[in-house]
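*Asks:* Below, each chain spelled out in residue letters.
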Amino acid sequence: MTSANQIRMPAGGASAPPAGPHKAGRESARRADNRRKWYEIIGLTTPAVLIYVMFVLVPMGFAVYYSLFRWRGVGPPTEFVGLRNYTLAFQDPIFLDALRNNAIIVFGSLLIQGPIALGVALLLNRRFRGRAVFRLLVFVPYVLAEVTVGIMWKLLLTGEGTVDALLRSLGMGGLVQAWLADLDVVIWTLLAILTWKYVGFAIILLLAGLSNVPDELTEAAAIDGASWWQIQRHVTIPLLGPTIRIWMFLSMIGSLQIFDMIWVTSVPAVRSLGASATMATYMVDNGFFARLWGYGNAVAVILFVISFVAALLFQRFLLRRDIEGAITGRAK
Amino acid sequence: MAVNSVLPPSSGRRQVSWGTPLTYALALAIAAVSIAPVIYVVIGGFRTTPQIVADPAGLPDPFVWDNYARVLTQSNFWQQAFNSAVIALGTTLAVVVLGLAAAFVLARYRFRGREGLYTFFTLGLLFPAGAAILPLYLMLRDLNLINSYYAVILPQVAFSLPLTIVILRPFLSAIPRELEDAAAIDGASRLGFLWRVAMPLSRPALVTVGVLAFVASWNSFLLPLLVLSDVNLHTLPLGVQNFSSQYTTDTAGVLAFTSLAMLPALLFFTLAEKQIVGGLQGAVKG
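As given, the protein sequences belong to chains B and F, one line each in that order. For the first sequence, the numbering used here assigns the number 332 to the last residue and increments by one with no breaks. For the second sequence, the numbering used here assigns the number 618 to the last residue and increments by one with no breaks.
Next up, chain B with everything else stripped away, as it sits in the complex (with noise of 0.2 Å):
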């Protein structure tokens, strides 16, 4: 680094007055300059593209390859199956349950996190004494671990829990459920519990979204005579419509490849059931503990090309404005 600097003062430096009969001295010093800034170019970089390319394009690359082979993860794969992996897990009932499980975290996060979070927002985006205690109170849940978040209501929620008990002694014991256990209920306990946790997210990212609607436009509906309610619904709801859909967008990759939580809240015989499982949790057991390298492989693929597709659809169709400044940077 310093050696660059060294060379690199006597040419371009302020010592070379302005105007030079010499003009292939100053060429020559010009192509150096040009390779120095290649050099850097290629150093600055490098470190980062190479664990890039090599912790997430490559495996992807290997992970197409083993999908078409029947193999236990021991030695180089050997027997060539085609597709029939994929084939096979569209075959399951099991993988079958993981989709629609996905479909309804993915359809119920959207539907029930997202006025939640819209209602919360525009309640703490109102100026008043404590707010700031109130926000950071709302969104504990969304920082703590999923682990930790699940392990904390499985507790609540197994056997006579906690939970139980609170809704019989509110005289409500009429809704008490295996909600855990029962493979019609587990699921939307899951989705229940991912409320829960997810919904400060998006209540950060919509206050963030608030914090740029400017007062002159508020204040000057609000000289014109509106209340509150009509600036929320005419003025500051349709600005927020670009936070809103990449938040859409994140939640939904998300929900696509969710496993923690499912993971350990959900008890393993009911997941291998097909109750709770999803495709991420489903990948990992017959991936890693049942051996079938091949298969798991071929699950890993399924999941990407879902997600992928399904990024790319919601960017085409819904994100095609707010592209330019959320994901591909403040272009301006």
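Hints were generated in silico from the structure; no laboratory data involved. For each residue, glycine too, the CB sits at the ideal point set by N, CA and C. Be careful, since some hints might not be right.
[To be verified] Some, not all, of what chain F presents toward chain B, calculated at C-beta under 10 Å:
| no. | residue |
| --- | --- |
| 1 | Ile-367 |
| 2 | Gly-456 |
| 3 | Pro-460 |
Chain F: place on chain B using the hints.
*Replies:* Just chain F now, with coordinates in the frame of chain B:
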């Protein structure tokens, strides 16, 4: 930028009034739903398992310190917290250094292929880390990295780089050209400019990126679950899961362990709330 433009208007010029009772009632209800389960877990750690079984929703009577003491002295809590810290700090440091270097080039150098390289990195935002986990495991196994800190750090760095670069580049681009010219006149090379001008000026963005990487690493579970089978290398999330499945009958102990595991994240969040919110704000702003 993102942070700057938000701060000035709210800095006390406006009279902050008390809200209406309805506002407080609603806000209180929401806050209660958010933290009641957490408080329950923390308080539950001060009870005994028989107390909890007899009355799941009761208060500690009497207060019992034993569970927390037991977890802190007899379990692997400290070892796991240490592992989590090493991995999270390693990840954060590498993400910030590599991300800054790459983002600096993408922001301040004009060269053929620049936009292509940037798009190449942003593509990573669409690659779900979860989907790559099986081949990643196989690769780390072939590299003999299983059961080492690197097995968690390297992939985490790789998957955090795209977002880091997306957040840092606009910050670095926004530094006025005149500053770079002035630095050049003072004899600084481009690298000197990066070290002495660009880095200090983009500190808020670097902090944001670092905080996001740290929190993501601290909470991560799937990758450590597959690549760290050695109990001595387990991180806190793995520890919480193991403890809860090993001592299923010791409800009070599990509650204590869980709340101790939550504590660092909560403390960290309270301290870094501005950066986390600021970072997300930066990502949202068009």
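*Asks:* Could you run down the list of hints and mark each one as holding or not?
*Replies:* Hints versus structure:
Restraint check, Ile-367/F versus chain B: the minimum CB separation of about 5 Å is within 10 Å; hint holds. At about 5 Å, the closest approach between the beta carbon of Gly-456/F and any beta carbon in chain B falls short of 10 Å, and the interface hint on this residue holds. At a threshold of 10 Å, the smallest CB-CB gap from Pro-460/F to chain B is about 5 Å, leaving the interface hint in force.
Hint compliance for this structure: every hint is met.
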